[in-house]
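Starting from the known structure of chain A, fit chains B, C and D onto it as the hints suggest.
Note that the protein sequences, when read in sequence, are chains A, B, C and D. Residue numbers 1 to 175, in UniProt numbering, belong to the letters of the first sequence in order. Residue numbers 1 to 301, in UniProt numbering, belong to the letters of the second sequence in order. Residue numbers 1 to 230, in UniProt numbering, belong to the letters of the third sequence in order. Residue numbers 1 to 1045, in UniProt numbering, belong to the letters of the fourth sequence in order.
Please note that the accuracy of each hint is not assured.
Stretch-level coverage of chain D by chain B, calculated; a stretch enters the list once three of its residues show a Cβ under 8 Å from a Cβ in chain B [to be verified]: (1) 820-831; (2) 929-935; (3) 986-996.
By construction, these hints were calculated from the structure, which means they are not laboratory data. Idealized CB from N, CA, C, for every residue including glycine.
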Amino acid sequence: MRDLIEKLTPRYTLGNATYQRADLTFVDVTRDELRALLLELRDKEGFTHLVLLTAVDWIEEGKFQLTYMINNREADQTLGLRLYIDRNDAEGDTIHDIWPTAATYQRELREMFGIAFPGSPRVDEEFILEGWTDMPPYRRDFDTLAYSQQTYVEREGRETHDPRATMKHKMYPEG
Amino acid sequence: MTFEWIHIAYAALTLFIVINYGMIMTALVRKIGARVGGRYGIPIWQNYIDLAKNIALRSKITHGVMYYLGPVFRLTGGVGLLLFVPTIYGSVMFQNFSYAGDLILALYFVFFGTLGMALGAGESGHPHSAIGVSRGLAQVTAAELPLALGVYAISLQYQTLNITEIVAAQQGSIFNWTLFTNPLTTIAAMFAFVGTMMRSPFDVVLAPQEIPIGPPTEYHSAYLALMQTNRVLFPVAKVVIYMNLFFGGATNWAEFAIKVFAIYMVSVLIGVVYPRFRVEQSIRFFLKWGLPVGILAILTV
Amino acid sequence: MKDLDKNFKKDTETEFPLREEMRPRKVTTPDGQVIDIDPLADYFCQEAPKVHRKSYSAIVEGFYNWARANSLWILGFGTGCGAIEMRPLMTPRFDAYRYGIQWRPTPRQANLLVISGYLSVKTLKRAIRAYEQMPQPKFVVGLGSCTINGGMYWDSYNTIKKLDEYLPVDLYIAGCMPRPEALLAGFMELKKIIRKGEAEGANKYAENFDWYKANQKSVIKDWDMPDYSW
Amino acid sequence: MVSAIFIIAAGLGAAFLLGLLKEDQKASAFAITVAALGFMSWVAYDWAVALTTGRAAPVDILTAGAEPPFAINLRMGVAEAWLATVIGVTGLVSAFYLRPALMRLGRRAMAVLLVMTMALTGLVLTRDIFNLFVFFELVVIATGGLVLLSDDERAVAAGFKYLVVSQIISLLLLIGIIFTYHANGSLNIDDIAATPMMFTGAGLAIFLVLIALMLELKPFPANGWALDIYEAAHPGFAAIFSAASGTAALYAADKIFAAAGPDWLPLATVLGLLSFLGSGVLALKQTNDRRLLGYSSIGQIGFVLAVVGQRDILGESYLYIAGGILITHAVAKAGLYWLSGLVKGRGLDDWAVLRANPLLVFAFASFVAMLVGLPPFPGFYAKWDLMHALAGSDRLVVLGLILLGALIEAGYMFRWFGYALKREVREAFPGFATDKTAVVLVALAAGWALGFVWGAASANPNLLTALPILFALAFLVLEPLPAWAKNILAIAGLVGWFVWRYPGYDPLQMIFAVVMILGGAVILLASFYEKGRRIGFYPPTMLMYAGLALLIEAQTSFEFFAAWEVLTIGSYFLILRGRMGEPHALSYILFSLGGAFAILAGFAVASMGVQPFALDNLKALAEAAVPSAPWVFVLLAVGFMTKTASIGLHIWLPGAHAEAETDVSPMVSGILLKAGLFGLFILLMNMGHQHLWGVDLTEVLVWIGALSAFLGALMAIFQEDAKRLLAYSSISQLGYALFGLALMNHVGWLLAMMFVINHYIYKSMLFLAVGGVYKRTHTKLMYKMGGLITLMPFTFVSVLVGIIAMSGVPPLSGFGGRWLFYNAIMASDLRLPMVLIFMSGPIAFLYLFRLIHTIFLGQLKDEHRRLKEAPFWLVVPQMIFVLALLAFAVLPGMALQKVDGYIGSFFGDEPLIWSGRAITSTFGHWNPVAIMGVIGVVFVTVLALLLWMNHNAQKVKQFNIVFSAERPFKPQTTHFAWNFFAPYRKAMGFLVMPLVTTFWGAITDSLHSTADFTRRFYTGNGQTYAVQVLFFVVATYLIAMGGAS
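Chain A with its partners taken away, still in its complex shape:
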């Protein structure tokens, strides 16, 4: 894996390589090189499978991290490409033409994070949520508890226990 990263480094701006496991590596990429890199990895390096495409909300840095996780079946290698995009103007480039399954991931990201992928098929249609009008719920500034309390009626008398304290009390009543 290191070889691959080293081989690609002269031509691509790759940063911050993390060798998580023997078969799992993460590396930062830039948006303008993403497409070329993905194509090269798919067609030349045998990373034929898009495992997932997901996002992380780095609200403090004002960024979304898109993670393209791709897999080389023959070499049993997984490579995660991290791409940071601006959180306020969240827009990614669609890769549904490279992996058709990406369209589904992109629809999900559009709905849950509000990241736009212009050109992706059916990206603006409802995906999981129905009739959702609030902000995308996976954004970290969306407070699900507050939303839940403001939306759904609660039953009176519900108690909440700290699991740690409760279990300790139950299992060792004497202390």
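Chains B, C and D only, in chain A's frame:
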């Protein structure tokens, strides 16, 4: 024979006996199935309770006239089929209205209920109903074929279309039954029997999880009650025909009860062993196995 | 414990637009005439549900209730993870059939709607439809703590926390998940309620129809169906 | 009586006179021309009438005061007189038609026209071969001159090519004449006849004369030069060239053939047939109207030449037959050329402009019918007699080839007619020239008049005096009336005819008469729906009914065949009226004519040339076990089965029935198909079992019936188009009827009878119902409809009753058919075909359910929400049919008991016992009243029960369904309708591959590619044409002489 008013009472009595018999028998069959599977099974009177429950439902809907008439057609088909066939051989009381027509009448009247039901289900506007009807009709066309050939073969064998005469010819010894005098024909007809009893492997028409039980998807309350009644009555009426044609008929109610049960169990036994066919598979099955047997039957009579 | 953002205010301004297929439209007939179609009025029955009285005779009603209790037809609609606990009921170990309990695939033929676990808003919509399409009298059983108070989904942005706000529940079976034995016990309890003639949830629903509808619509923002799904 | 020499003299004299006129006196020149032509025509006509009526005897006109062979003599006989009349009148009328061109070119052109006419008359009259040569040269030169009348620049080239080739022909003729004179010592035709020349020695001489004259007839394939003339010349002249020149040249050839003796006749036969078939095939590919007419002319002349080849067996009827064909051709072809002058464009579909004037459409139709030899024109009578003569002398190959040629000709003529009626008019239409129109109408009138004359002269009845046909033709005159008035008249006519005739009918005729005549009247009730005048509907409709009425009463084979042709023509025009009817009408007429020709051949063979041939004589034929009897059976059965659309001959039906108008579909389906059954009844009743190569032909019919029933039903279930579904169902239903008939037992026939009644009722009803739905929804595709039950309740009821009856479910009448069917097969020894029938029964159930479900049940569409019930007048007959079905279900005995007895008189048995309302057979019993009673009581009881329990049901709307807890959002996607029986297609779809369609398609394709290939010889090069002619002569010589030695 001509019509007398007392026939109506006789017919009502036949109907009463057969419906109750059917209620108990179908419950019993389910219970047997449960016991084989290691379960206790439903109470033997469960059919009655379900019937009462359905009649007791308070809110009903209707999709239109044909929807309303569908179950009526269905039950009329079942009752009519029973009444056009003599139930007990040699009994004046249980000849029913068999003077209205012969075997052919019974053969074609089977479709009366099917047609009405299909129309009613169609008017409900539910696509699953239509899909179920499409499957059911497609399958039954192939399934009925061996029966048609079988009927033709035994009418040739006995040189009559009159059911009573066919039963009469089988009296005397068990070896006079068509089952033994003409086994090929019986086998051919039993293909059709198994194929039209709505049991596995030929029950894709109902397919509960795929097209929620097909044609009757929209039916409920008293509509469903009528159809339930038919569902216990119609198979018995159909078995009666098979019994009369191939298994020597019945000369008393006890014989009737045993034979109907035994014949009915054929489809049950096959059903618990074999998994479900798709429609085109069952069509091919009947063309590949049922049809040749049927052809052999008519050629060897 | 989770921190609560005091400043978070849910968006109550934005209306969800009526879906396109439900909007009134103009259509040209084969004769060239232009006609108006209002899908909601044209394609759906607009009647409100009715309150159905019991039989005049107490004996008849008693018999009916006995039949209803001994012929419980459950709608085979698994709304949440609890559906998995229903399956063993059909097996030799528990064999619910001996109590007259059966599963039906269509709401038209079912009397008992078992809400088997958490109910997301999206599923709630379907559950309401299924419930309304069942013929009266009909019963609702809530399965597991999620239906009672939200359970582990107490802070979910998308799951209701109190089922009886939206549907008239006859019985709750507690647990997460309740085991099949608990289910059986629950059904036996339900039978008793029915026998006593107290399982009148459907009438309650019809009587308090506006209240139920208001609750339902407060969580289902894209209400694009008739008020009562016949 | 003016001497015939004055015809020649007048022509020459007037031409001479024209030379004296000044160049600018065009009007007087034209007057002189017309006067001369009129005089010539009048003299010829005067002679013709006198000779025909026997007021005068044929005369020889001697010139130069000496007897032949020392001087030239002209003869005026019946044939000569009539042909001269044709030539004269054609010239005269053409002069009017050519007036603008003649006025432009002046007196010289007029003189040439006169010389042309004179020379053609001379060709006909002369009895001297050298004189023949002289007239022939005159014709050639005149032709060369007249071709230049055209505006077409190609005309000059065409004329030049013509002259080149003509000189070769002249040379051959001249050499032939010299040789003949050398061998014979005389140039007089009668002298030559006196000393017949065999193939030896002098044979070459007479061969050269004959071949030259035949070349003048432009035989296929040595005729490229002539086609250029047809194509390029002025239509007025082309009319002369085709009608008059062809006629004269043919008569000239005929004279020489008569003289040369019977040994030379096969040459005429072979070359004639070759021309007829070859130019027919080539004509298929033509896109230019005049060139197509040219090919047709050559074909027709070839046909007559072939008839000339049969003169040895035709005897006295030779003139009647050959003359009939020749004159019909002359009139029709002249008429068509004149018509072509009215049409600006030269493409076949440019003739669509004719629709601006219905009278011209009628003329076009009449001319086409004349050419194809349909009644009531002379060609029809002539063909009938010719076929009988051929069959009488065992010339079956010639018979077959002539019929084949006629069929090909019908193919391209009717295709063309279809274009004219159905294709779009491409350019703005300026209006027709009145004088030219008048000329066309003269030809039209002449055609009909000739039809009357030939009919009167025929040994068989004159069709134009048959009351039903006259009644139908009267509607031509009544066309200006509004449709409702004509409809009342039509219904009154049908009912009146039935009331008048029915006392004389036997039960079989009675049933068919009720279905066809009264049934027709009921269906006509639906026609009240149509507004306006509905031009062109009633004449063909009534013609069809006239044919049916006559068919029922036909006693002799001629009456039968004539009625058959009449109903075919009528129904063709009816089917052609449909919106997309053009290709289907064409395949209908081709299959029908093919079938009709098979019938013609069958009757001809059966009668062995003896006329009149009573239909009952078929029985004698069968009893005498004549070797040809099975063949007669096959021919007739094939003919009838094209009408019943049995499998293999069915491909015309679906389109024809589906694309027809709303009230026409039930007519052609419910009624017309029964004509085929009627024929089969007659055939089987008289001929019974026939064996061919040890095979019982009725068993073959049983198989065909069973296959039709099965495959028809199978194809029906895969149709998306409601009318096509019903059409395929007709194939299936008639398969049942054919099956029943062919079982050849009492109950089987009764079964067929029952199907005749039942199929009429429910198929008419269903077609009307579907037609009504089409009127409202403007579509025939079932999946585009749905949920119409509440909007069109009456229509729904009729479809419901219709499908219950048709599927054979008790208690309606279809069950009776099934019951009879079982009794019939029990009495038969055949077993295997039953399997197919058993299969088709339930399959019928499939398509019927689909019909009612996808149209009336399921989901109503947005655009159909405000539909109204079908028009009142479409519903009325349907309700009548519903009542009739119910009545027939309860009381089948009313209709069947008499027929049962009648059929019993054929088989001598009584298998059915009718006691009260119950029917008992050898095997079983059937009590319709009891069945109806039991079902009724049970049904009402159950319904009452349900009403008691569910009377308070809430009425809901179409989307209130349990859609897996979803909400339906679009009726289109919620309506399960398209490819309704998908599993069936998976399992059995391979059985409905369009094998038959592919087969017939391959036949037409190969004909077309043959035409394409042959067309390469027609290069348009004069030298090539000249060489072709020489090759043709040499080849013919070698073959003819080789065959003789």
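Quick rundown of the hints versus the structure:
no.: 1; hint: 820-831; result: holds (count 5)
no.: 2; hint: 929-935; result: holds (count 5)
no.: 3; hint: 986-996; result: holds (count 3)
In terms of the numbered hints stated before, the structure departs from none.
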